[in-house]
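Working from the sequences, and respecting the hints, build out all of it.
Here are the chains, one letter per residue:
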Amino acid sequence: MKLQSTLLVAAVLSAGFYFAQRSGMFRATPVEAQTSSQVTQCEALRKHGDPGTTACYQALSRSRDLGLKAEGLYGLRDYRNANDAFRDAVKARPKDANLKVRWGRMYVDYSQPGDAADLFKEALEIDEKNAKALYGMALVASDAFEGNAADFAEKALKADPNLVEARELLARIALEDNHPEKAVEEAKKALDTSGEALDALAILATVDWLDDKPGKEWIDRVLKINPTYGEAYSIAGHFFVINRRYDEGIQYYRKALELKPDLWSARAELGVNLMRFGQNKEAREHLEQCFNANYSSPLVRNTLKLLDSIDKRVETFTTPTTVLKLDKKESALLRPYFQAELDRAMATYEKRYKFKITQPVQLEVYPDHGDFEVRTMGLPGLGALGVTFGKYVAMDSPSGRPPGQFHWASTLWHEFSHVYVLSMTNHRVPRWFTEGLAVYEETAASGATDWGDRLDPPSIIAMRDKKLLPIADLDRGFIHPTYPEQVIVSYFQGGQVITFISEKWGYDKVLAMIHDFADRKDTVEAIQKELNLKPEEFDAQFFPWIDAKYKKQVDGFEDWQKQLKMVSQAAKNKDWSAVITEGTAIRDLYPDFVEVGNVYEFLANAYLAKDDKAKAMAELERYSAIGGRSPRALEQLADMQIEAGKKREAAATLERLNLIYLEDEASHDKLGKLYTELKNPNGAIREYQAVLAAGTIDKAGAHFGLAQAFAATNRNEEALDEVYNSLEAAPGFKPAQALLRELSSKQSNDKQSAPKPAGNVKQ
Amino acid sequence: MRTLILLAGAALTLHADSYFLTVAGLGGEDQYEQRFTGWASDLNKLLKSEPGAKVDTLSGKDATRANIEAKLKALATQTKADDSFVLVLIGHGSYDDLDYKFNVPGPDISATELASLLDKIPAKQVVVNATSASGGSLSTLQKPKRVVITATKAGSEKNATVFTRFFIESLRDPTADTDKNQSISVLEAFRYAEEKTAKYFETQKRLATEHAIIEDLGKGEGVKAPSAENGEGLVAGRQVLLHLGSVASIVNDPEKQKLLKRKDELETQIDELKYRKAAVPQREYQQQMRQMLLDLAKVQEELDK
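For the protein sequence lines, the chains are A and B, in the order given. Going left to right, the first sequence walks through residues 1 to 763 as this note's numbering numbers them. Going left to right, the second sequence walks through residues 1001 to 1305 as this note's numbering numbers them.
In case anyone wonders, no lab produced these hints; they're calculated from the structure.
PhoX-like mimics (lysine-lysine), calculated; alpha carbons at most 25 Å apart, straight line:
1) A:K699 x A:K673
2) A:K572 x A:K610
3) B:K1205 x A:K328
4) A:K329 x B:K1199
5) B:K1199 x A:K673
6) A:K504 x A:K466
7) A:K325 x B:K1199
8) A:K504 x A:K521
9) B:K1305 x A:K746
10) B:K1277 x A:K734
11) B:K1224 x A:K699
12) B:K1258 x A:K734
13) A:K325 x B:K1205
14) B:K1199 x A:K328
15) B:K1305 x B:K1261
16) A:K529 x A:K354
17) A:K328 x B:K1196
18) A:K574 x A:K562
19) A:K734 x B:K1298
20) A:K699 x B:K1196
21) B:K1205 x A:K312
22) B:K1261 x A:K734
23) B:K1224 x A:K329
24) A:K699 x B:K1298
25) B:K1224 x A:K328
26) A:K699 x B:K1274
27) B:K1274 x A:K734
28) A:K255 x A:K224
29) B:K1199 x A:K312
30) B:K1120 x B:K1073
31) B:K1145 x B:K1054
32) B:K1153 x B:K1196
33) B:K1298 x A:K746
34) A:K356 x A:K325
35) B:K1153 x B:K1224
36) A:K699 x B:K1199
Computed footprint of chain A on chain B; a stretch qualifies when at least three of its residues, placed anywhere within it, have a C-beta under 8 Å from a C-beta of chain A:
37) 1167 to 1178
38) 1293 to 1299
Just so it is clear, CB atoms sit at the ideal spot from N, CA and C, and this is done for glycine as well.
In structure tokens, the structure reads:
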């Protein structure tokens, strides 16, 4: 997954495995100590998979007691009526904390964590030590992969040491953090409290299954307690999915549904995961079943809505090795550029990783970021730019974000590194490694130092505050961040770890580690085997290395911030001399900073104000070379380079812009003209075709440019077609008329000089 | 026909006069005040480059209702039927479901008052109301042979507009000259600005708060995309706003009259064929079109000798 470093919300949502979290799969819907024995009885029946469960809840749903009625409807999964009943009950008993907790739990099950959290908070306002409310808060935080989930669970256990669900949740969090031994420890503690802790048993089975062990001991115990406890397999499905072992995840969801066909959360996850792999028909069937059963959570609704429209909007282009899916409204514009980068990335990775992918890979590009989020996560709200599901990659289109907000080619290369690494390891690779390698490859494999994310302020602050994580614990930074920017910092750190290994031991060691992970070694084992270091020994070398590498930026960060403010103020005051003096002084303190308000653009503007175009151009050239992405600044640079007669450099600048933002027809037109002048007709053809695909109002001009380019490559028939297209739009367009006369005369001459057919010779 | 019209228009410019009045209304805030007067000033400069154009601008404290009325009343006596007059309104407008008002220092001026003043001017008219809520003025301002452009499709689109910016840009950007006849017609300027405005909102990922429309039949609703199908745009296509180069020099050369006549015939035939495109088999359409375009290119070569 490629995140946008400037969108810190992404960090809060923790790198994207939010999607598999709304399943309710860990929730045994426990009974309050204070609630009626009737509810307890129903819950006990449910826990043991007793066929009388439904009848029990039906009886409750007919109760005159509003709370019992709500429980009954909730137990029957009649969420809408249960919601009304809970509302009425809370109105009648506004100080009943437990009632609010139960209502909140229903919202958790129904994938409305915001409403759930509100109710848990209200319950805690009434009773600050309410263990179930604290556990509810832990559930909500855990669903959002927030770092404080474990804290809430611990608080709940402090309030009620026998709260087995809280212990089970700690086991789950540990396993998500890729600490199976800790997960086992917590699960066993839960079993010590209750021998029938079904989710603890499911976690233990999952730990085994993830390690390709049978897990029979645990699943047999589950099924002995409850022969229809599909949740156990659903829990496994969740962990296989978050470990990117999607095929196996799907199989576990199917097993869950075999045991319990009305486990709607599992059916919804199955549908969403099938859609990720293009199995839209079956995905729709499962999601519609959920919807028709009144399980119309946002995940189900959003995904069905997307499925309704996606097939009508998408155009598919296939080659023997790739499937490219683009929105019809921009496919003509995007296809040449995306196909070229896709082919180049695959050829490069095939060579680099010494690995050939046998089946076609698929790339989907979404102009609507909301659609992309639903496609990948089922819900909107994530700051991801691209996501990989095995051999399927989905990403934002350059038109899906404001211009310049991301480098689409870099994102594409990032995701395709995942495609190879996941294939090579059969999806058994730690998150830190595959993300770190993908970050590293954005510049290393592409060969373009201006690609990828720049060193960002959160990473500088993390280095300054010694917040980087030990290598053995780095996955936690991706899954359960403890501060908002930690996901972004972890991407940075992952990339730096790979850089460090590559520089110190060589890139072959990185490749060897991929194979180690394929052989089911974990991080500690791979580091030990390839680098002959224990993880703490690795950290002892890595941290000084990274501290030295970024010493200038870390030490100078505060001064740089202060001085940048002064530069900004000087620019506002049009004190150009001060901008130049102050700006030049701090520019190289933190050269990677190319976001809005960067020094390069301040300096360029100051030089322009002083009519020193050469220096202004030099600043923007620095900005471009270091990875600046503002289309406006890059266009400005290209114009300056054209004016200075630096046509090749201008073309290179506009080529860079093409990898960032493709929708600007004026830039394509400019590049088309430059390529015509630079005798690069094939480049000109691509650019003028882009001008037309961008929907230019100057169709005559674009067709004429295309005609000239075709003529330059002696593709005279196509040139004639294009010149006619140009003149049809503008019959009096003199340059096109001249070209038409020339091409037409050439065509006549060719016909006259063509050899006569053999039959005529005989005559 | 487009070129024929252009030549007619170009010829007319030799004998008829072009009048322009730009009014930048009340900004209310500094940023709008500066933006509106800046746009008016830019437009003023561009239009003054048109040979013989009589360009006038009201902005800031001068843009009062009294001054607008005085300028329009003067034009009612100064202009002739062959002349052309372009009124551009920049700034904020409002609409109360009954009438549109252009916000100016002092009392506002309503669409009804503007229409009444414009009706007295004999020249061919173009009204570009680029203000917020300008769509609310269209039904009042529209009249046969008068081109009315509004930056918004309705009086309910009340946000400050960006249409003006792109309308002015169309007079600077050669790509706005889509028929490559070295002049920007009102229609070309509208299409350019409408397209760029839509792209602006799309690129900024913002909900579009303005949708420009044009109307030149004098009846019915304004349209976003004028075409042969909806009949809108013919008058606007004839009205040249700005010449980018000299196109009129050959018109008066007697030796070229025969060639010019042939050129006009071909251009008319090309335009007619375009309008019949849907009814003509594709292959036949292409053959005829290509032959005429080639003939036209050859005639042009002779004319240029």
